[in-house]
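Quick note on numbering: our numbering labels position 19 of the sequence shown as 19, and the sequence is numbered without any gaps.
Calculated directly from the structure, the hints in this document are not laboratory data. Please note that a few of the clues may not be correct.
Listed next, the in silico DMTMM-like pairs over lysine to aspartate or glutamate satisfying Cα-Cα at most 20 Å (straight line) [to be verified]:
1. Lys41 / Glu31
2. Lys41 / Asp53
3. Lys41 / Glu29
4. Lys52 / Glu40
DEER-style ranges, computed between Cβ atoms [as the list claims (entries may be wrong)]:
5. Leu13 / Arg46: 44 to 54 Å
6. Met43 / Gln5: 49 to 59 Å
7. Gln49 / Thr9: 27 to 37 Å
8. Ile7 / Lys44: 30 to 40 Å
9. Phe32 / Ile11: 29 to 39 Å
10. Phe26 / Gln49: 27 to 37 Å
11. Tyr54 / Asn34: 23 to 33 Å
12. Val37 / Ser3: 30 to 40 Å
13. Val25 / Gln5: 29 to 39 Å
14. Gly48 / Ile11: 54 to 64 Å
Glycine included, each C-beta is placed from N, C-alpha and C at the ideal position.
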Amino acid sequence: MKSKQTISTMIALIAVIAVAVPPMVFAVEGEFKNLMVNSEKNMKHRMGQMIKDYPN
Numbered sequence: 001m002k003s004k005q006t007i008s009t010m011i012a013l014i015a016v017i018a019v020a021v022p023p024m025v026f027a028v029e030g031e032f033k034n035l036m037v038n039s040e041k042n043m044k045h046r047m048g049q050m051i052k053d054y055p056n
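Go ahead and model the full structure; you've got the sequences and the hints to work with.
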């Protein structure tokens with residue numbers, strides 16, 4: 001009985017993980033892309049500011 005219960009618990013856990021992980025991965029990937037884009041924009045903005053501040 002114990003081993004059967006353990007197996008069903010494992011299956012339930014795996015099912016929960018399978019349902020929960022893809023949206024999380026998708027969200028994290030989206031956040032990462034946003035971060036990359038924002039940091040790139042910030043870098044360009046900073047470079048522009050530096051060029052404005054030090055005309056040479």
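Comparing the hints with the structure gives:
1. Lys41 / Glu31: Holds, because 15 Å separates the two Cα atoms, which is no more than 20 Å.
2. Lys41 / Asp53: The given pair, whose Cα atoms are some 18 Å apart, holds under the 20 Å limit.
3. Lys41 / Glu29: holds, 18 Å
4. Lys52 / Glu40: holds, 18 Å
5. Leu13 / Arg46: 44 to 54 Å: Roughly 46 Å apart at Cβ, these two residues keep to the hinted range, so it holds.
6. Met43 / Gln5: 49 to 59 Å: Holds: the Cβ-Cβ distance is about 55 Å, inside 49 to 59 Å.
7. Gln49 / Thr9: 27 to 37 Å: Violated, at about 57 Å.
8. Ile7 / Lys44: 30 to 40 Å: Violated: the Cβ-Cβ distance is about 55 Å, outside 30 to 40 Å.
9. Phe32 / Ile11: 29 to 39 Å: Given a distance of about 31 Å, which is inside 29 to 39 Å, the answer is holds.
10. Phe26 / Gln49: 27 to 37 Å: holds, 34 Å
11. Tyr54 / Asn34: 23 to 33 Å: For Tyr54 and Asn34 the Cβ distance comes to about 30 Å; the hint holds.
12. Val37 / Ser3: 30 to 40 Å: 50 Å Cβ-Cβ, so the 30 to 40 Å window is violated.
13. Val25 / Gln5: 29 to 39 Å: About 30 Å separates the Cβ atoms of Val25 and Gln5, which means 29 to 39 Å holds.
14. Gly48 / Ile11: 54 to 64 Å: holds, 56 Å
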